Amino acid sequence: MSEMATEKTSSGIFARTSSGLVRSISTFDTFFYCLVQLAVTFGFFQIAYWVFYPGAQMEVATVIAVVIALLEGVTYGLFTSVYPRSGGEYVPLSRATHPFIGFVASFSNTFWQIFFTGTIVQFGTTFGVAPLFAALGLQLDSDALFNLGLWFDTPPGWFIFGAAVIILFSYQLHRGMRVYFKVQKWLFGLAIAAYIVFLLVLVLGSTGTFSFAGTYDEYFGTGAYTTLLDTARADGVDLLPLIDWKMTLFFTIWPAWSVFFAVLSTAFSGEIKNVTRGQLIAIPFAQIIGGVLILLTGFLARVAISQEGLLAISWVSTITPEKFPLPYPWISMLASIMANNVILTIIINFAVIVMTTYVAASTAIYGTRGLLAWGIDGMAPEWLGKVSEKYRSPTNAIIVTAVIAIITLAVYSFTDWIRFLQGMAGMGIVFTVTIFVAAIFPFLKREVYEASPAKIEIAGIPLMTITGLLGSIGMGFIVYRVIVDVDYGANSPISMAMFVAVFVVGAVWYFIARAVRRSQGVDMDARFKEIPIE
Amino acid sequence: MRIYYASDLHGSEKCWRKFLATPKYYQVDIIIIGGDITGKFIVPIIHLPNGRVEATFMGRKRKLKKEKDIEALKKQIANTGQYVIDMTQEEYEGYQQDPSRLDSLFKKLLVERVEQWMEMADETLRGQNVRCFISAGNDDIFDVDDALAASEIVEMHDGRVVDLGNDFKLLGMGYGNITPWNCPRDISEEELATKIEAVASQISNMDRAIFDIHVPPYDTGIDEAPQLTEDMKMVLDPTGTPKMVPVGSTATRDAILKYQPMLGLHGHIHESAGIRKLGRTTLVNPGSEYAECILRGAIIDLDPEEGLVNVNLVTG
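Protein sequence lines, in the order shown, are assigned to chains S and E.
FYI, the numbering for the first sequence is 168 to 701, going by this note's numbering.
FYI, the numbering for the second sequence is 781 to 1096, going by this note's numbering.
Among the hints, erroneous ones may be present.
Mimicking EDC-like on lysine to aspartate or glutamate, the simulated pairs with C-alpha atoms at most 20 angstroms apart in a straight line are [said to hold, decoys possible]:
no., chain 1, residue 1, chain 2, residue 2
1, E, Lys854, S, Asp690
2, E, Lys841, E, Glu871
3, S, Lys557, E, Asp866
4, E, Lys804, S, Glu614
5, E, Lys848, S, Glu617
6, E, Lys1038, E, Asp1083
7, E, Lys846, S, Glu617
8, E, Lys804, S, Asp690
9, E, Lys848, S, Glu697
10, E, Lys845, S, Glu624
11, S, Lys612, E, Asp849
12, E, Lys845, S, Asp690
13, E, Lys846, S, Glu475
14, E, Lys843, S, Asp690
15, S, Lys553, E, Glu935
16, E, Lys843, E, Asp878
17, E, Lys887, E, Asp866
18, E, Lys855, S, Glu697
Some chain S residues close to chain E (C-beta under 8 angstroms, calculated; not the full set) [unchecked claim]:
no., residue
19, Val249
20, Ala618
21, Lys622
Calculated from the structure, these hints are not laboratory results.
Please read these numbers as outputs of a predicted model, since none were measured by experiment.
Don't be surprised by glycine CBs; every beta carbon is placed ideally from N, CA and C.
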């Protein structure tokens, strides 16, 4: 007679003690990792390029972006709860539609994740490392530090620093990320605290405790700040434009990308399913917090520097950079100048460097994971799925990821062929398709939906249908604007060609892999075909 | 010869019916389940005085009145591997206050379902030229063994070596190494090694041997499960996904390395699907997504001359 340990659970079911029953990932942990992946510092772009959308309300645009992101986040949270062990878009899309769609979506996202690995590190260099040294150079009257800051924001600086970080990430991945994992939580917590200090610096600027104009004149001569404003006005820039709601809507594409990335956190639940917590709360909550941080950054920047100052700096530094004495217009640089304090400068830029670098680290891991999954699944050469016997890490996938990331970084750094933001269109299409499929999933796979934790309805309509349809409209608008917006800079002929090429390559890859596997006696289409039962 | 292998159905009615459909669907000669056939949860269908019923399923409380909706819910519950029991509010509260009473309830429901499955197997597979092997796994209570043995068609290969024809031999071992949950058939690595040795030593030609050992070999990539804290929480990696660590059996690993059979078939770790090599032995773990009613399996092609020709992971 066997003994069996049984227990009631608080969730209205009875469970017997059996292997695999674990506690689900806590809502806070899910929230934390969503927040890590939110590119809050991408908000610096919107502040720097705001001038090209006369009359746009940054804060309103951020709220609109967060609303769309919430629709995306809730939809993703529900959809991935249906197949919680699978993660990403590949398996849910393959099962709901066809493996071709799942693979092409996965291919596109994986490619752009790898692309972003290098370019986001460059981003951290541009927004954090370069301003750090340049500002310190000014504050400590050190040409060496100032020039070092300048160097970091040059193509050689981007490439060398970016490649070094890619290699470091790759090595850490190969070794199992132990060191990285040990420091991540407290280091990111420290970075959040430092970012709050950064916001406080802006608050002090808005109250007059710090004066950007005053410090700017100290460094660059009396009247230098006024000259900046006059230069922009002379070019016809309206530094106090009236509110323009159309421009506000167009401007939404800038804050959007900061909050859309939260869904990259892979869903994984235990066998006691409870979707009312976990990703359904954590993802949207993280998006709201991220949105608040971005909104506050924009608002406080506008008040601290002044709207006229921000717009003038953006204009002059972009159109006639020779008339702008600072190397870059990023708010991290401006806040550092305004604070005019070495410690505060270090804190501000520490936050930016860490928060941005963590996004890059996540993209490295996701890129590797995508390649590994294909290798195991037979959609890529088997050697891609091989793991190191010593460290149990997917060494070959890591190497391939690193090589692709370095190549794309080199092209990005030394040519004008590709722009950082163009990856947004590629990933945006995948997000849009995924949440659209999620919207119709309850009707495509009724039985699966009914038996899943995602069966939440409002007035009889599946919640994922409501959020998915609204979200895909919103996200579709964002993707459309990314493609057509000249000021966004992601629609050069080569950028668009690359955007299309990634999908085409993914499609071709699918058919080649399928043909190769078929010749080996493996029917790839059958992998996801449900067995019919009477 | 073509074999279909699956494991860890954990009571899923839908996966079981899919399993019985695999001989025709995949054109296979032999179908095997490598253990863990019983489920883990009971969903009480609580009948309220007002004629409605309440049940918590997939984390959500469902309130139903219509008989057809109730039956549909019961079917969904069973499809995902859970067991259903009708009870009153008082009975439910009685079980809540005294969980030890659940022991006998679980036994009854687990055995009942296995008995039903054996009847289905006999009815479905009769007349088909297919052999069906089922082993219990570490999660399965011993009470189900009699239910398995009662089938006319199903053969139990746990703790035995069976002849598949053409010199191919199948070894079954459903016991597992000690887990944090102390499951019914968890035993020490030493005991497991002894049990494996007792059956493996009966096979003379390892080039045609298939070891169906429920727990995969330690540190082979198909035995990775989430690392757990002492209070059974998953440890997370830098992206917020569970940190995976090897939890397989050293006894299995040592046996595979010693005997180098042609093929190792394993289950137990649902998250660790894959095909690996350990020396000359090909290892397969098809994984499990029983709770989503997805039957994960492996199609294995064998040839009397060549031995193992192909292994293909499928989901159905």
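Violations among the numbered hints, reported as their numbers in ascending order:
Failing hints, ascending: 1, 3, 4, 6, 9, 12, 13, 14, 15 and 16.
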